[in-house]
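Trainee: Sequence:
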Amino acid sequence: MTYSRGSELSTVYDRARTSGYGFVASNITETNILTGLVRGAERADSDLVVQVKRDTAAFAGNGDPDTGLDILATHVEKLGEDADVGVFLNVDHVPADDRAFLESCVASGVPSSLMVDASHEPFEENVSRTRDVVEMVRNREQDMLVEAELGMIKGLEGGVETTEAYYTDPEQAVEFVDRTGVDLLAISIGTEHGVSKGRDLELRPDIARDVGQALADHGLDTPLVVHGSSGLSDSQVRELLSTGVCKLNKNTRYQYEFARTACEFYRDHESSILPPEGVDDDRQGFFGDAEWSPDKRDFTPHRVCREVQDRIADVMTEVAALSGSAGESLYA
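For the sequence shown, the numbering used here assigns the number 1002 to the last residue and increments by one with no breaks.
Hints listed in this document are in silico derivations from the structure and should not be mistaken for laboratory results. Treat the hints with care, since some could be wrong.
The calculated label-pair distances, taken between Cβ atoms and stated as ranges, are [to be verified]:
1) SER689 - ASP876: 15 to 25 Å
2) ARG810 - ASP734: 20 to 30 Å
3) ASP752 - SER677: 20 to 30 Å
4) ASP684 - GLU940: 48 to 58 Å
Just so it is clear, the structure is predicted and the values come from calculations on it, not from any experiment. The beta carbon of each residue, even a glycine, is placed where N, CA and C say it ideally should be.
Work out the full structure: start from the sequences and follow the hints.
Mentor: Listed below in structure tokens is the structure:
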């Protein structure tokens, strides 16, 4: 299966909405997370949507997001070519005022979809900036979906914290989609970016139903997206997907699993890596004058990275089962 573009992703989303399941789109902040996600998706027989944000691209590119996007996209494309399921890439939460990076994303033709974020702006400004990106994609005839957000979601995203949130208004959503022509609409129903606990959220799944119905009543067949799904209970995820939402974004969970797995591994293998009491911490001489030596079998990066990949694959398999995408790949 080759890495796929926007038209194929649209087909995947349409099938999910028709059949009553959805996707958990998974952010990759590190390439071992990506490898684990692909492995888990193959195991679950689920198509896979992965996401990259600008700050992740900048980190991968040593400060240059364009370079970083090329690097990460190459990883996604090459792993996607070898995968038994469909693999798609969304560039997530690109600020609408970051014109340079938006143009680079579109010009590259690499993403399956692109999420432009002007949700913090007044409605008219959000409409104007979103429509501009939609027109940019269409004018360049790129096979790329455009996602935008209407409503504000609390929490920390891309280093920016939003302390207030407001729910998406169904009639305003109709006007927004009609005027911008977006392919996907992210709505605010009470989830949060970052570390959150489902019991502390004021979730309003009814808003997703109302928005979806309002769009349908006006002849607009636009898939809905919910951001900030880390921390939601299984029942909350199922309830959201039952409203017709086709994509839930997840990022924080994978970062935690990465850190937790690495932490537990190094804690369990501390004696193989750190010199015991009484042995000089002679890194320069690599402990040549001591009887003790570190064990390369445990400190080689491949060892802990393999543990991380395995754990992320397990999580992805669970997530696909929960969202209903397991066993539903259009490409397997």
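Trainee: For every hint, state whether the structure bears it out.
Mentor: Going through the hints against the structure:
Range check, SER689 to ASP876: about 22 Å between beta-carbon atoms, so the 15 to 25 Å window is met. Range check, ARG810 to ASP734: Cβ separation about 22 Å, and the 20 to 30 Å hint holds. About 22 Å separates the C-beta atoms of ASP752 and SER677, a value consistent with the hinted range of 20 to 30 Å. The supplied range of 48 to 58 Å is met by ASP684 and GLU940, whose beta-carbon atoms lie about 51 Å from each other.
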